[in-house]
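Here is what each chain is made of, one letter per residue.
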Amino acid sequence: MKKNITPCLEQHLPDKAKFGNAVPEEAWFDAAAAHLKSARLVIDSDPSGAFMLAWSSMHNTAKGVAAVGGARLEGETHGKVVDFLCCVFDGLTNTEKGLVRRASTGRNSLSYDDPRLFDRRVCDDILALAAKLLAAARSGTQPKPARKIPPPPSA
Amino acid sequence: MGQTATTEAMPIWRSDAQPALLYCLFYDAHARTASTIAERFGLTRQQVSIEARRLLAAGIIRLEVVGRNKVLAVVDDHPAISALRTLVDLTVGPLVDLKRLYDVDGVERVMVFGSWARRHLGEPGPTPRDVDVLVVGTPDDYAVTSVCLDLSGQYGVEVSPMIVSSDEFASRGRNPILDQITSGPLVEVRQ
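Read top to bottom, the protein sequences are chains G and L.
Its first residue numbered 1, the first sequence is counted upward by one per residue in the numbering used here.
Its first residue numbered 1001, the second sequence is counted upward by one per residue in the numbering used here.
Honestly, the hints are just simulated from the structure, not real lab data.
Where hints are given, some of them may not hold.
Claimed, not checked - Pair by pair, the computed Cβ-Cβ distance ranges are:
#: 1; chain 1: G; residue 1: Gly49; chain 2: L; residue 2: Arg1068; range: 39 to 49 Å
#: 2; chain 1: G; residue 1: Thr105; chain 2: L; residue 2: Gly1184; range: 15 to 25 Å
#: 3; chain 1: L; residue 1: Thr1044; chain 2: G; residue 2: Ser45; range: 47 to 57 Å
#: 4; chain 1: L; residue 1: Arg1100; chain 2: G; residue 2: Ala128; range: 22 to 32 Å
#: 5; chain 1: L; residue 1: Leu1087; chain 2: G; residue 2: Arg120; range: 35 to 45 Å
#: 6; chain 1: L; residue 1: Ala1080; chain 2: G; residue 2: Lys18; range: 40 to 50 Å
#: 7; chain 1: G; residue 1: Lys18; chain 2: L; residue 2: Pro1126; range: 53 to 63 Å
#: 8; chain 1: L; residue 1: Pro1126; chain 2: G; residue 2: Glu10; range: 17 to 27 Å
Predicted, not measured: the structure shown is a model, and the values here were computed from it.
Even for Gly, the Cβ is constructed at its ideal location relative to N, Cα and C.
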């Protein structure tokens, strides 16, 4: 995680970050951990719910990071939160940035609201990334490098 | 000022910075200053600024003041804009990068639809907030998603794949969603 959060707040959430923080960052991080735990509990029975919970976890992590920078977020859009997270965790790979954005939009399937085409592996990746962002935010470090996604299987 | 594989594929640009600058002004709501465009494409600010000055002088782009920042924007009614957009799209961006999907086993056709396709074909409107991709074939979903996630991270907007089999695509009239998608603008990504 970047040491100085303020430039990312000013760049991506200029009207949404209110300086003067009432909620300590640990409270946000605890909330993020709780959402993540719930996501893991329901992923087998309700993967789409787990997907949304994983985004809630990332969103709370972002709020915690903003609190580290002395700000609280108000009225922020999901897209801006994604930009903010990608700015703060600038060591993320493009694929990881894509996963954060996908989590924010809630599209967990490969068709429009068609649950038949849901891919569990993407959901697993998003949960793993949410955990990684939370750990990095808590320790004030950059997330550990991503595992390399294997090439598609040959026919 | 470098000529790389990017501009060698379409060797009509003065530099890499020229299509990069125009691409951002056409499609990227986040990259509108010389610094952000340079960062987005791994160029120097000076390279982008030089090209920006030339395009400003030609009346192809303009400078707008937004808050404390001066941001660049295309002059939509300039007679060269439509042709430039086509050339930019053949040099950088989804129509070039999505060719990677053909490396995934089982992918037969790749097309872009939705707002990005409409802007590409010259329909005026806001900057696309995502890139919708129709993939025809029977690829591994995860392999397709991995490519699209990578491009999402690169572009800063979601690249959303929708996978349909060739049979489904052939009988698209029977699927209301597919019918609606394919009756709108559809841009083929060529191999």
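Here is how each hint holds up against the structure:
no.	hint	in the structure
1	G:Gly49 x L:Arg1068: 39 to 49 Å	42 Å, holds
2	G:Thr105 x L:Gly1184: 15 to 25 Å	20 Å, holds
3	L:Thr1044 x G:Ser45: 47 to 57 Å	52 Å, holds
4	L:Arg1100 x G:Ala128: 22 to 32 Å	24 Å, holds
5	L:Leu1087 x G:Arg120: 35 to 45 Å	41 Å, holds
6	L:Ala1080 x G:Lys18: 40 to 50 Å	45 Å, holds
7	G:Lys18 x L:Pro1126: 53 to 63 Å	28 Å, violated
8	L:Pro1126 x G:Glu10: 17 to 27 Å	24 Å, holds
The structure does not agree with numbered hint 7 stated previously, though it agrees with all others.
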